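2 protein chains.
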Amino acid sequence: MQIKDKSGLTIVPVPSLRRLTIYLPYLKELSSGVTEYVSATTIARALGYIPIQVRKDIAYTGITGKPRRGYPISELVNQLEVFLGWKSYKNTFLVGAGNLGRAIMGYPGFKDCGLQIVAAFDADPAKIGTRLFGIEILSMDEFKTLVKRMGVQLGIITAPEQSAQEIADIMVDAGIHGIWNFAPVKLNIPDDVIVQNENLASSLTVLSKKLDQIV
Amino acid sequence: MQIKDKSGLTIVPVPSLRRLTIYLPYLKELSSGVTEYVSATTIARALGYIPIQVRKDIAYTGITGKPRRGYPISELVNQLEVFLGWKSYKNTFLVGAGNLGRAIMGYPGFKDCGLQIVAAFDADPAKIGTRLFGIEILSMDEFKTLVKRMGVQLGIITAPEQSAQEIADIMVDAGIHGIWNFAPVKLNIPDDVIVQNENLASSLTVLSKKLDQIV
Numbered sequence: 001m002q003i004k005d006k007s008g009l010t011i012v013p014v015p016s017l018r019r020l021t022i023y024l025p026y027l028k029e030l031s032s033g034v035t036e037y038v039s040a041t042t043i044a045r046a047l048g049y050i051p052i053q054v055r056k057d058i059a060y061t062g063i064t065g066k067p068r069r070g071y072p073i074s075e076l077v078n079q080l081e082v083f084l085g086w087k088s089y090k091n092t093f094l095v096g097a098g099n100l101g102r103a104i105m106g107y108p109g110f111k112d113c114g115l116q117i118v119a120a121f122d123a124d125p126a127k128i129g130t131r132l133f134g135i136e137i138l139s140m141d142e143f144k145t146l147v148k149r150m151g152v153q154l155g156i157i158t159a160p161e162q163s164a165q166e167i168a169d170i171m172v173d174a175g176i177h178g179i180w181n182f183a184p185v186k187l188n189i190p191d192d193v194i195v196q197n198e199n200l201a202s203s204l205t206v207l208s209k210k211l212d213q214i215v
Numbered sequence: 216m217q218i219k220d221k222s223g224l225t226i227v228p229v230p231s232l233r234r235l236t237i238y239l240p241y242l243k244e245l246s247s248g249v250t251e252y253v254s255a256t257t258i259a260r261a262l263g264y265i266p267i268q269v270r271k272d273i274a275y276t277g278i279t280g281k282p283r284r285g286y287p288i289s290e291l292v293n294q295l296e297v298f299l300g301w302k303s304y305k306n307t308f309l310v311g312a313g314n315l316g317r318a319i320m321g322y323p324g325f326k327d328c329g330l331q332i333v334a335a336f337d338a339d340p341a342k343i344g345t346r347l348f349g350i351e352i353l354s355m356d357e358f359k360t361l362v363k364r365m366g367v368q369l370g371i372i373t374a375p376e377q378s379a380q381e382i383a384d385i386m387v388d389a390g391i392h393g394i395w396n397f398a399p400v401k402l403n404i405p406d407d408v409i410v411q412n413e414n415l416a417s418s419l420t421v422l423s424k425k426l427d428q429i430v
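For the record, the sequence lines run as chains A and B. Start counting the first sequence at 1; every next residue gets the next number (the numbering used here). Start counting the second sequence at 216; every next residue gets the next number (the numbering used here).
Don't take every hint at face value.
So, partial list: chain B residues that the calculated Cβ filter (under 8 angstroms) puts toward chain A [stated by the list, open to error]: (1) Ser231; (2) Arg233; (3) Ile237; (4) Val297; (5) Leu299.
Label-pair restraints from in silico Cβ distances [said to hold, decoys possible]: (6) A:Ile52 <-> B:Arg284: 31 to 39 angstroms; (7) B:Gly366 <-> A:Val34: 20 to 28 angstroms; (8) A:Ile50 <-> B:Asp388: 22 to 30 angstroms; (9) A:Ala46 <-> B:Asp339: 52 to 60 angstroms; (10) B:Gly344 <-> A:Pro125: 31 to 39 angstroms.
No wet-lab data here; the hints were simulated from the structure. Predicted model, so just to flag it, every value in this text is computed and none were measured. Note that CB positions come from ideal geometry on N, CA and C, so glycine has one too.
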């Protein structure tokens, strides 16, 4: 049984969504070869999953395999890219052009998933007006006007925790719908704005705590 | 009821662990002020959690509050730091000194949580022998010998996905117990080695998919 949201769309469980993002790069590589079809079993074996799980995950995208042959690779790649939104570029603003911000701006992998950082913002006057990886660094004073003008939907916070809430408030006020927050702080955000927290210090702690339990 | 592992240690649920890593920076800041005690309600209100949850999370660390006064702040900070392992420095090797690797090496927040990157490794001969944020970049040929010599427990993979498995194999062979993997690939690793995957492209996709459903 699949769970539907209010508008009747199937809600894809987050673990399936995460696995689909791992199948896609593998399938893309495969599609540059001579093979035309791939089975769930082949994908599962190559990536260390179980076939039934792979089959279920792919079923969410609406594509079905052919008996004994599997999925047509190029069609599957296309469908997955559309399904995951990797083909619809989202104009994004990043706030905080420090080390982490720079890494995000320069990370080539994000372009493949539709992330288009069109401008970055920083509080440091020395950085304003400079460019990093072709992206201009601007003053926060211009943030709200530019969100409207450039149709920006997504904001990334890579600023220190002390200023994260203030930045989030500016983002919400400017009309941004989704925030990707790298600051180690819980943001106070209205319900209609989606927040994805990426707390690296907390992931590290989880790992290091597990490590303490085995060593 | 608390769940115990084989050696009788209480297993802390990951969400509690993650929340504790968020309470700690807040409490540290508080401890530099004049207040001596803090209640679960105050912490909950400041960080947007519910008091009963905060009380439960803190109970895992073994510290108990006093009626009407709450927890002694400096004792709580100390206990939390020990509990989360932020005071026991873990010698760590990082492999892949590209943009993401550089961001991890330069991120000041990790030092507070006990992460000590003692060397970095890269395949690019031009990088070998140089230093970044005081950390020397070495050749993979030296990896295994140095793991033993420096008692390294933790490895970070910030290399491209194509080389991630090969690097993981080298880490396991060298005797590393925990791997923090930033490459968007599922690693094939023996059960006694702990892996924490940090797939940023996949987090971005989850956010952007949710965004599609509301906009």
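Each hint, compared with the structure:
Residue-level restraint check for Ser231 (chain B) is violated (minimum Cβ-Cβ distance to chain A is 10 angstroms; threshold 8 angstroms). About 5 angstroms separates the beta-carbon of Arg233 (chain B) from the nearest beta-carbon of chain A, less than 8 angstroms, and the hint is met. Here the hint on Ile237 (chain B) is kept, as its CB sits about 6 angstroms from the closest CB of chain A, short of 8 angstroms. Interface hint status for Val297 (chain B): violated, as the beta-carbon distance to the closest one in chain A is roughly 11 angstroms, over 8 angstroms.
Contact between Leu299 (chain B) and chain A, as hinted, is supported at the beta carbon level, the nearest pair being about 5 angstroms apart and thus within 8 angstroms. Between Ile52 (chain A) and Arg284 (chain B) the C-beta distance comes to about 55 angstroms, which lies outside the given range of 31 to 39 angstroms. Distance hint check for Gly366 (chain B) and Val34 (chain A): the Cβ-Cβ separation is about 48 angstroms, which falls outside the suggested range of 20 to 28 angstroms. The hinted range of 22 to 30 angstroms is satisfied by Ile50 (chain A) and Asp388 (chain B), whose Cβ atoms lie roughly 27 angstroms apart.
Checked against the hint of 52 to 60 angstroms, the pair Ala46 (chain A) and Asp339 (chain B) fails, with Cβ atoms roughly 28 angstroms apart. As the Cβ distance of Gly344 (chain B) to Pro125 (chain A) is approximately 35 angstroms, the hint placing it in 31 to 39 angstroms holds.
Hint check: violations occur at hints 1, 4, 6, 7 and 9; the rest are consistent with the structure.
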